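A.B. asks: This is what each chain is made of:
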Amino acid sequence: MEYEGVIGLEVHAELKTETKLFCGCSTEFGAEPNTQTCPVCLGLPGVLPVLNEKALQYTVKAGLALGCEISAFSKFDRKNYFYPDLPKDFQISQYDKPLCEGGALEFFCDGERRKVGLIRVHLEEEAGKLIHFPDGESGVDFNRVGIPLMEVVSKPEIHTPDEAYFYLLGLKRLLEYLEISDCNMEEGSLRCDANASVRPRGQEKLETQTEIKNMNSFSGVRKALAYEIQRQIEVLESGGRIVRETRRWDPDAQKTLPMRSKEWAHDYRYFPEPDLVPVVLEKAWIDEVRATIPELPDARRERFIQEYGLSQYDSGVLTSQKAYADYYEECTRLHSNYKALCNWLMGGVLRELNERKIGIGELPISPKMLSDMVRMIDEGKITSNIAKTVFAEMAETGKAPERIVEEKGLSPITDAGEIEHVVEEVIEKNPKPVRDYRSGKEKVIGFLVGQVMKAAGGKADARLVSKILREKLKE
Amino acid sequence: MKEITIEDVEYAARLAKLDLSEEERKSMTSQLRDILGYVAKLSELDTDDVEPTAHVLPIKNVWRPDERQKSLNQEEVLKIAPKAHEGQIRVPRVLE
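So the sequences go chain by chain: A and B.
In terms of the working numbering, the first sequence opens at residue 945 and continues consecutively.
In terms of the working numbering, the second sequence opens at residue 15 and continues consecutively.
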């Protein structure tokens, strides 16, 4: 029988606010443990949480960008469970009245446009961080507790691990464009849980699903889902039944394994949070948030094709990160050779970033430096060949291209006399190719031009070299 | 409404991590039964045209600007923890 996977994703993104969701403690990553806490986030008796307006704005901003309906009435609820990373023994979350409902995420998977519907987007607070020690104890750091966490829940409309992977990339790109989350999986600011089931292809009804946790990277999500779907198919094929359970992805074993949760551990006894009042958003407030939404990735990608004449592929890469697209547009404002700028960005800049494993903001080459360099090529002030040297030097030292050319003497040799001199030397040193050329093997000219360029340290103008060489060879 | 049984009390106690004696379980069952029976009187009211109450106060939209306030220092925090080591609060390991 042919089976089809049915996958829903729950993505948690820490919002980039200065302070926590319900108190003024800093959200900065990497501080000494337990130095960013207060009576509110520690859940000490008698304190009152107060909602951070920025977190509310960010969640609504995401909701609007995802085409959700922004709820006219929203509230917070307590989700009750015991775990050492949760000082209050409950998490403030949203149960039946989330901030945003519906909507969809559009993305490309294998070159095809896909659209996955969303159930909801809501706001809740982060838990603390646990570190397990071999002595049988765990260390708790409450710095993270109370950081605003936005949860985006998809409908079970994803069918393959690849689709799940591209959904995540698309969502990450959107949140980065909206500048509401760092989306850093390593620092844990973006996390993903999944539910997965399989059904015979063509069947409408959903079968029993399992929940999969502990997938710590995008490729981890793809691998875990591939494993889990295959596992479920094998269970069904061998006449077994799928048990509704939570499974943990073990990246070392490359397997999902059942977690030891007891069935009653999932009774969270939600009830309305009595310390927070309802959120009733007015149209004017929502419109203000809407006005902060920048041009979104898909629109920008199309515009780059139209406005700068870029290919689908180039445009897709340049808009894959807001920072790349911003960098490119800054260059286009300074110089109008859009295609050449694109080529240098795709080939030079992105390769440099990959090799050094850094972000574009950390590269010493500013958009001004890159566009100045491309202008110098266009104006014949340096050859394309020399530009590679200039580029490498800029990446290394952060010096302006004009200065590098001046300091290293990289200006092209445009003096015919000087080139003639080099040409004569090359003719003298290469009697055989010269004889071949003179006896009619025209192709040899390429080799000879190359020799002259080499002798001139790449600084000679190739057209001029070719012209002088042909003249000299006639003699 | 379904009457409270001793199993319900055991279930609630387990969720709340309460260790109740046989005697406590029995007395809780009858006490809870009385309390819920008393509150059940409310179901006699017709609430079809009443909006569900999310909060008892007639207030909405209370929020604050995203501005930092002073946090407690580490020493103060660790002082109220049962056990601490190298800046972290130490707890028995919870497996999973």
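Rather than coming from a laboratory, the hints here were simulated on the basis of the structure.
Every value quoted in this text rests on a predicted model; they were computed, and no experiment measured them.
Please note that the accuracy of each hint is not assured.
As the list claims (entries may be wrong) - Straight-line C-alpha distance at most 35 Å; calculated DSBU-like pairs for lysine-lysine: (1) B/74 to A/1099; (2) A/1023 to B/97; (3) A/1099 to A/1283; (4) B/93 to A/1032; (5) A/1032 to B/55; (6) B/74 to B/55; (7) A/1301 to B/74; (8) B/84 to A/1041.
A.B. asks: Are residue 74 of chain B and residue 55 of chain B close enough, with their CA atoms no more than 35 Å apart?
C.D. replies: holds, 30 Å
A.B. asks: Is the hinted pair residue 1301 of chain A and residue 74 of chain B satisfied, with a Cα-Cα distance of at most 35 Å?
C.D. replies: With a Cα-Cα distance of about 47 Å, the restraint between residue 1301 of chain A and residue 74 of chain B is violated, given a limit of 35 Å.
A.B. asks: Holds or violated: residue 1023 of chain A with residue 97 of chain B, Cα cutoff 35 Å?
C.D. replies: holds, 26 Å
A.B. asks: Could you grab the alpha-carbon distance between residue 1032 of chain A and residue 55 of chain B and see if it respects the 35 Å cut-off?
C.D. replies: holds, 33 Å
A.B. asks: Below or equal to 35 Å on CA atoms is what counts here, so check residue 93 of chain B against residue 1032 of chain A.
C.D. replies: holds, 17 Å
A.B. asks: What's the verdict on residue 74 of chain B and residue 1099 of chain A, does the C-alpha distance respect the 35 Å limit or exceed it?
C.D. replies: holds, 31 Å
A.B. asks: Hint check: residue 84 of chain B vs residue 1041 of chain A, CA-CA at most 35 Å. Holds or violated?
C.D. replies: Holds - the C-alpha atoms of residue 1041 of chain A and residue 84 of chain B are around 32 Å apart, at most 35 Å.
A.B. asks: Are the Cα positions of residue 1099 of chain A and residue 1283 of chain A separated by 35 Å at most?
C.D. replies: violated, 41 Å
In summary, the numbered hints that this structure violates are 3, 7.
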